[in-house]
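Student: Okay, here's what each chain looks like letter by letter:
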Amino acid sequence: MYKKTHWWSVLAVLLVAVIVLAACGGGSGEETTEEGTTEAPPTATTAPAKGEGGGEMAGGEGSYYERALAGEFKGTVVTMTGPFTDEDAVKFNESVREFEDATGIDIQYEGSKEFEATISIRVEAGDAPDIVDFPQPGLLGTFVKQGKVVDVRAFLSEEYLRQQYNQSWLDMATLEGPDGPVMAGVWHRFNAKSLVWYPKDDFEAAGYEIPTTWDELIALSDQIKADGDTPWCIGIESGAATGWPATDWMEDIMLRTTSLENYDKWVRGELPFSSPEVKHAAELMAQIWFTEGYVYGGRAAIATTFFGDAPAPMFEEPPKCWLHRQGNFITSFFPEGVQAGVDYDFFYFPPIDEAYGKPWLVAGDIMAMFNDRPEVRAVMEYFTRGEALKGWLAAGGALSPHKDAQIDWYGDPVERRIAELVQDATAFRFDGSDLMPGEVGAGSFWKAMTDWVSGTVDLDTALAEIDQSWPR
Amino acid sequence: MATQQPVQRKQRRNWRKLWGQFLVEASLFFLVLLWTIPTLGIFISSFRTPWDIQTSGWWTVLPHREWQVVEEFPKPENIDPDGVMEIAGVVGTFEAFRQGIETPDGRRIIWIGNKRLGKIQIQELRWTMRTDFTLDNYRAVLGGKTFELKAPDGSTFTVQGDNLIGAFLNSLTVAVPSTVIPILIAAFAAYGFAWMNFPGRRLLFILVVALLVVPLQIALVPILQDYVKLNLNGTFLAVWLAHTGFGLPLATYLLFNYIRSLPRDILESAFIDGASHFTIFTRLVLPLSVPALASFAIFQFLWVWNDYLVALVFIGAKPDVQVLTMRIAEMVGSRGNDWHLLTAGAFVSMVLPLIVFFSLQRYFVRGLLAGSVKG
Numbered sequence: 001m002y003k004k005t006h007w008w009s010v011l012a013v014l015l016v017a018v019i020v021l022a023a024c025g026g027g028s029g030e031e032t033t034e035e036g037t038t039e040a041p042p043t044a045t046t047a048p049a050k051g052e053g054g055g056e057m058a059g060g061e062g063s064y065y066e067r068a069l070a071g072e073f074k075g076t077v078v079t080m081t082g083p084f085t086d087e088d089a090v091k092f093n094e095s096v097r098e099f100e101d102a103t104g105i106d107i108q109y110e111g112s113k114e115f116e117a118t119i120s121i122r123v124e125a126g127d128a129p130d131i132v133d134f135p136q137p138g139l140l141g142t143f144v145k146q147g148k149v150v151d152v153r154a155f156l157s158e159e160y161l162r163q164q165y166n167q168s169w170l171d172m173a174t175l176e177g178p179d180g181p182v183m184a185g186v187w188h189r190f191n192a193k194s195l196v197w198y199p200k201d202d203f204e205a206a207g208y209e210i211p212t213t214w215d216e217l218i219a220l221s222d223q224i225k226a227d228g229d230t231p232w233c234i235g236i237e238s239g240a241a242t243g244w245p246a247t248d249w250m251e252d253i254m255l256r257t258t259s260l261e262n263y264d265k266w267v268r269g270e271l272p273f274s275s276p277e278v279k280h281a282a283e284l285m286a287q288i289w290f291t292e293g294y295v296y297g298g299r300a301a302i303a304t305t306f307f308g309d310a311p312a313p314m315f316e317e318p319p320k321c322w323l324h325r326q327g328n329f330i331t332s333f334f335p336e337g338v339q340a341g342v343d344y345d346f347f348y349f350p351p352i353d354e355a356y357g358k359p360w361l362v363a364g365d366i367m368a369m370f371n372d373r374p375e376v377r378a379v380m381e382y383f384t385r386g387e388a389l390k391g392w393l394a395a396g397g398a399l400s401p402h403k404d405a406q407i408d409w410y411g412d413p414v415e416r417r418i419a420e421l422v423q424d425a426t427a428f429r430f431d432g433s434d435l436m437p438g439e440v441g442a443g444s445f446w447k448a449m450t451d452w453v454s455g456t457v458d459l460d461t462a463l464a465e466i467d468q469s470w471p472r
Numbered sequence: 001m002a003t004q005q006p007v008q009r010k011q012r013r014n015w016r017k018l019w020g021q022f023l024v025e026a027s028l029f030f031l032v033l034l035w036t037i038p039t040l041g042i043f044i045s046s047f048r049t050p051w052d053i054q055t056s057g058w059w060t061v062l063p064h065r066e067w068q069v070v071e072e073f074p075k076p077e078n079i080d081p082d083g084v085m086e087i088a089g090v091v092g093t094f095e096a097f098r099q100g101i102e103t104p105d106g107r108r109i110i111w112i113g114n115k116r117l118g119k120i121q122i123q124e125l126r127w128t129m130r131t132d133f134t135l136d137n138y139r140a141v142l143g144g145k146t147f148e149l150k151a152p153d154g155s156t157f158t159v160q161g162d163n164l165i166g167a168f169l170n171s172l173t174v175a176v177p178s179t180v181i182p183i184l185i186a187a188f189a190a191y192g193f194a195w196m197n198f199p200g201r202r203l204l205f206i207l208v209v210a211l212l213v214v215p216l217q218i219a220l221v222p223i224l225q226d227y228v229k230l231n232l233n234g235t236f237l238a239v240w241l242a243h244t245g246f247g248l249p250l251a252t253y254l255l256f257n258y259i260r261s262l263p264r265d266i267l268e269s270a271f272i273d274g275a276s277h278f279t280i281f282t283r284l285v286l287p288l289s290v291p292a293l294a295s296f297a298i299f300q301f302l303w304v305w306n307d308y309l310v311a312l313v314f315i316g317a318k319p320d321v322q323v324l325t326m327r328i329a330e331m332v333g334s335r336g337n338d339w340h341l342l343t344a345g346a347f348v349s350m351v352l353p354l355i356v357f358f359s360l361q362r363y364f365v366r367g368l369l370a371g372s373v374k375g
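Each protein sequence line maps, in turn, to chains A and B.
What the first sequence shows, in our numbering, is residues 1 to 472, in sequence order.
What the second sequence shows, in our numbering, is residues 1 to 375, in sequence order.
Rather than coming from a laboratory, the hints here were simulated on the basis of the structure.
Ideal placement from N, C-alpha and C gives every residue a C-beta, glycine not left out.
Some clues are possibly wrong.
[Unchecked claim] Derived pair list, reagent style EDC-like, types lysine to aspartate or glutamate, alpha-carbon separation capped at 16 Å:
1) A:K320 x B:D82
2) B:K150 x A:D408
3) B:K145 x A:E336
4) A:K225 x B:D82
5) B:K75 x A:E270
6) B:K150 x A:E94
[As the list claims (entries may be wrong)] Some chain B residues close to chain A (C-beta under 10 Å, calculated; not the full set):
7) F30
8) R260
9) K318
10) V332
11) S334
Working from the sequences, and respecting the hints, build out all of it.
Tutor: Below you can see the structure in the form of structure tokens.
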């Protein structure tokens, strides 16, 4: 008996569906397609017509940066995505404000905690922002391989780049593309990791001396232990990324016990984790991490202590631990009110084998370009200049890889000293785990280290596990 | 005798009943306690300073006995920390003093610090509670953090960070339509599946149920591709549609089971009186299904409110459109250095779902039974 009217309901359902579809259709009228933005060749741009200089260097007068300053790209928008959130986002926005005011280009930075997860989805879907800020070149490497990243040498000469950056930085930015090597981006800020922090006032009151060699470091640790305290504070818990501080230790020790060539091979996967060099580094690390009475809370506490909480006992009165190896960003975790140079200070993580000099382990943000438009080129060129970081250096929390950045721009005396030391470095290398393929560098390396530290597996098994996970 | 026995039995039965009731209530109370203790801990932590959270447990705000310093003096000069020492009339080694040596009169002599910088404390056990609470966490969460920055010329200036209000409104803008639209569509669909005969009904219904098991993650990239083509990406409409699509299978299935169980007689008599399907749906079925609609509304609202992934992918993390979950996740800072704000943030974000839950709660229990008993 319902037969007569049942089409009514079908119609009602259809009606709703049509309304919904109409709603999405409404938006589609304005701009039908933006296909191909991710792999846009230099000429096929959707740039606004005004001031379009043909996309090649010869088009306007001077470089894109100069043209931007002349107001040629006024009113354009450059979108960016990256991991800067909260305080970092504020500092970034503050330091690019001057450029925005001068050029009229609006840089819209979209920071997200889950940046690594979403960028792949967005690139895949053709929704890539103009510039993406990668803290891990390993992740960038996958996009370079797919040919989605614009080679910055298309508009910046190598000569100019060499004038702005050390060769090491340029080498680290050169990644393998589908048709040969690509200069995949330009370096923005970086942080130095070969640092050991200590509570300065108490350290001096106790009469300890800053170690300059590995043996002195061990002797100091023994001394502190003999005096009744635990020398080291170490914590590697970091949610899904638990274990990364351990990989930093490994990399720092690798740089000090073997040649740079071996380090590079190791990062590329040509030197296996089970090789004697890597194993030796792990054993040296164990000398500090696993010696009874060396680590606050003991070996068992390392894997469960949040890396940001780890240095806290250093600031109790009197300190409960005295040494903490971590990058310069750890100062943002120090308790409120402690003063650099008074309550805490740092020393260089000492060399182990004199033959390998004083290498530095660094990490940083590389800006890669996904959409090629003149104003994006201008912003990219701006990032190759020290000015892009001037405000941030004054506010603290960043180091500049640019040759034209001045030492007196640094607002924080500790960071100024780090910058000076890095300038004099005999060599520096990027955080290896950030360069390795994601499965290893952000996966098995962290996990195996955590398992080894917590005592679930022995060293050989842990290293073999990492080797097995390397994508071949 | 004959009259006493039933009384006794009755009493015993009463006893047993009381005892049983007591057992049930005691175990319920225990379970509730077990479930609420972590929440209580978070609540208390949200009023504490980061340093306090790091150095002492939240339970220390409750009255407890703790060693407190009565007297403190630097370590005596004339002693050898490597041997056996005598301090304040007590004899022991450095290790023993570091642990603290208790004297018969209830005091404790303890060595604080290492052998070089040590000081001696005489302590007593006293009742105490930590009451130094702060509202700073809530202030930072609700009003936004203030950043004091140094400018290149050496002067300092402050920047006010984003507060939660904008994100709260964004979340509301996302959640309300994302709850209403799927319910509306699903109610129509459920009625159609339950009470209308059309070819392919069974097949279509199986299709809908099958969609229940499809994880939404696999749809993200294709949908985003379409949105980019339609230029819909980054709009609220995009996220409403996404949530509608992801919520529809469950909504349809749930409402179908409920609407199917409505008494046939009512619907039939309505037909005899000449009511159309549309009239029956709006006048009869919808009012009768309020419990099921409300319970699904709670489900969907909570799911959308707590969602992070779908919102992140389809509307992004730009400050003007980002939802509450994103704002709270960002509040901890780039490296998680402001983790102590999470507790306060959690309570702020909990407020609205709690209001929704309590206002619809009386439907909730009824609604959960939706379709579970068929007549």
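Student: All hints are to be evaluated individually against the structure, with a verdict given for each.
Tutor: Status of the hints after comparison with the structure:
Restraint check for K320 (chain A) and D82 (chain B): not satisfied, since their Cα atoms lie roughly 19 Å apart, outside the 16 Å limit. About 13 Å separates the Cα atoms of K150 (chain B) and D408 (chain A), which keeps this hinted pair within 16 Å; it holds. A hinted pair counts as satisfied when its Cα atoms are at most 16 Å apart, and K145 (chain B) with E336 (chain A) qualifies at roughly 14 Å. A C-alpha spacing of about 13 Å is found between K225 (chain A) and D82 (chain B), which places the hinted pair at or below 16 Å, so the restraint holds.
Straight-line distance between C-alpha atoms of K75 (chain B) and E270 (chain A) comes to about 57 Å, which puts the hinted pair past the 16 Å bound. The straight-line distance between the Cα atoms of K150 (chain B) and E94 (chain A) is roughly 11 Å, inside the 16 Å bound, and the hint therefore holds. With 10 Å as the threshold, the beta carbon of F30 (chain B) stays out of range of chain A, its nearest partner Cβ sitting at about 28 Å, so the hint is violated. Given the 10 Å rule on beta carbons, the hint for R260 (chain B) is violated: about 14 Å separates it from the nearest Cβ of chain A.
At about 5 Å, the closest approach between the beta carbon of K318 (chain B) and any beta carbon in chain A falls short of 10 Å, and the interface hint on this residue holds. About 8 Å separates the beta-carbon of V332 (chain B) from the nearest beta-carbon of chain A, less than 10 Å, and the hint is met. The interface hint given for S334 (chain B) is met, as the beta carbon of that residue sits about 4 Å from the closest beta carbon of chain A, less than 10 Å.
The structure shown violates the earlier hints numbered 1, 5, 7 and 8.
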